[in-house]
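From just these sequences and the hints, can you work out the full model?
Residue numbers (the numbering used here), protein chains in the order written: chain W, 168 to 438; chain A, -13 to 339; chain B, 173 to 427.
Think of the hints as simulated: they come from the structure by calculation, not from any bench. Where hints are given, some of them may not hold.
To be verified - Stretch by stretch, here's where chain B covers chain W in the computed footprint (C-beta under 8 Å, at least three residues):
{"hint": "1", "segment": "273 to 284"}
{"hint": "2", "segment": "384 to 396"}
{"hint": "3", "segment": "401 to 407"}
Glycine included, each C-beta is placed from N, C-alpha and C at the ideal position.
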Amino acid sequence: MTPAGLTRAAWFPTLLVLCLAVALTFLTLPVVAIFVDSSPGQLIDSLGDPGALDALWLSLRTTATSLGIILLVGTPAAYLLATRSFRGKALVVTLIELPLVLPPAAAGIALLAAVGPSGILGGAIEAAGIELSLATAGVVVALTFVASPFYVRQAMAAFTAVDRSLLDASRTLGMSEAIGFLRVMIPVALPGLAAGAALALGRALGEFGATLMFAGSFRGITQTVPLAIYDRLSTDFDSALALSAVLVAVSAAILLSVKLVRGEALGLAPR
Amino acid sequence: MLRVETRHRLGDLELDVELTVEPGECLALAGPSGAGKTSLLRVAAGLLRPEHGRVEADGETWLDTARGIDLPPERRRCGYVFQHYALFPHLSAWQNVAYPVRGLKPERRARAVGLLERFGLAERADARPHTLSGGERQRVAVARALAREPEVLLLDEPLSALDARTRAAAARELGGVLRESEAPALLVTHDFAEAAQLGDRVGIVDHGRIVQLGTASELAAAPRSAFVADFTGAVVLTGVARPGPHGVTRVELDGGGTVTSTDAAEGAVAVSVYPWEIAIEPADEEPHGSAENRLEAEVLSITVVGSRARLGLAGPQPLVAEVTLASAERLGLEAGVRVTATWKAAATRVVAA
Amino acid sequence: MRAAWWLLLLSCAVLVSDCGDDGGSSGNRTRLVVSAASSMTQALETCAARFGDAENADVKLSFAGSDELAAQIRQGARVDVYAAANTTLPDELYGDDLLEKPVEFATNELVLAVPQSSGVRSVDDVARAGTKVVIGSESVPIGAYTREVLAKLPPGEETAILANVRSNEPDVKGIVGKLAQGAADAGFVYVTDVSASGGELDSIELPQDLEPRVTYGAGVVMRAEQPDLAKKFIDGLTHGACANALRRAGFGPPP
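See below:
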């Protein structure tokens, strides 16, 4: 190869490495800064503050409830979309994916317009004795709304990727479609489902705008960790850092466990 | 007994089939890809609902479009072996086999391992499918299909995913299983030799229809069309036939040469003969023996298959001949050598083209 | 394929030019960054543009709770003018050498705001069991003023009202929003917010003895890029076009 050829060949790999370096720095610096900006002792102290503990517990409860609803309702829905075709299917899929591209503030407005006190279903909800606005249930509604498309989309892809002959085989072996769904489709699609659940979980944990607008901010009732961080921004920056650190740690744990599930499951996949 | 009647349009293909398989019999359907063979199996299994059809197994009606009966696959006692086996990747071999079996774990496992033993796979019972070889997976798939004690066996190209070496052993084993089984078996394949080996009867399928049904030797000896002849592995030559002296038929081959046949025919025809019925003589020798048909050709290729040599010959039309390896060596056959291919008029089949 | 490359280059160029917009001048006009309390949103939006035209400057307004704006300045945000809904926050910044000496430029009044359909008519009604109340969080001026008011009430009443609080909003917009959608029965906001809500809310005046001193303070941020222009803007808050706009919105003159 001529010298000119060598130079021409080298600039592209260099560019690639450069881009990666920039991306890596940009993405890791803020995370690192959270842990470096304050001492571990101060961080742990601020976590002991009851308001912070309330926020953590509330975030945990609401996110778990929301995820439970998403998995229970979203899994069969995604399965239907993955295995059947019908008129208007593309439209249905787009509608389900819509909250994905909706900015959180718009999501908050949308929820208010739909199920807020003055919303379309507001009267019916109030008549049923359910309180959503300014209540914990409202937080769950907001989280479910913004996080479900993340799961449903991934679940759809995961089910679509399952070899259709596996379900056929299950049926020829005497199991109805429902049993085949539980004994074959879900286990085989599990890595994809887990990845979707992790995305939804992460999104729900971090939800701020829609929660604030729809459910308000009150300690122990609606002030989730992101809202608590915002509240402490001007008065107790250390506390805000500490809570952020916890969120980062939890998110990392979720990501890691998903990778483990995928890795283990991929050990089962046929070559 | 299994009876399948169906008419169904699949894109460009019009499936129109009627067949009956006796208990203990294996009917092998052979045909090119896209002929509709797999669709037929799926209709029998309930995985495909045809526009018109009836499927009866052991006196029980599984499908009758006229009367609105359509049992879902899980209610039909079929054992279906899929072309790529469709083994559940998240379950071990014994768990796959035990899938259709109800009961407590110890009994299910015992039953599954027992079946695997029949296939010599008992030690691999706990292995996951992706750690098994192709041949082992094929056997697990068959064992799984049998686990349900099915009334009907349906096999979709059960050997085609195997490499040539494993295929021979697997074919013998599968043949044994089919002979032992009392259930009627319907098998589809694109390989006539496989169909001949495994099927008690063979049906040739073309464009959704069974064009000829009979034992493998009947089909080879008396193909009803050029398609069947070609599919069963014969050499097919085209030409024009006229009646000749002594009741034989003379065929002027396209491109040159004349052959004689004991079949009666006239007009545009296809002439077929099997490669192993063609003898090879050196080009310049005087004819000897009773073989009337002689064609000059040049050797293009020699392929060794066991103790046989398969010769690709270029004459006015292409020919394939099979001789013993010893003969090939004795005649000094290699690419470029000119030879005479000869065979008997009585071994020559003629059908309207 | 080539079209794709051109498109990529074009988008990069647009992005870069957008980034280049921050810091200093864009073209010929100088840039003035103003952080102001949420309650002044409607009032300042139009008058600031006119100020900018008169001074040949681009005025960039940033509205949020005064406490959050102060936090941003502490973290080093590039701001020229800081205008808060109290004097405490500007004084704190001044004490920490982050702000030049602040001036008082306006006053406001705390009221009890209710949505049209509410049954609340007075502060006592707010103490009734089952009433849903929304107030500002502790660190934002509106929340601090509210707690001042509540502290002046008999202790039983204060506790009752605090028990009815359903949300501690980070700024007045949140309180107004919740009242406007009918999520709460009453909230404590500035009288200017009720006017700005365009008739959605009714205001109930607080008894004189409960009314806190609501004074707005503003100052030039240290290390501002445009200190002279910033000073001019702040002067305008007391005797200029913006002062008139504030008056029209319902703000009172400086004490």
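Each hint tested on the structure:
no.	hint	in the structure
1	273 to 284	holds (count 3)
2	384 to 396	holds (count 6)
3	401 to 407	holds (count 3)
The earlier numbered hints are all upheld by this structure, with none contradicted.
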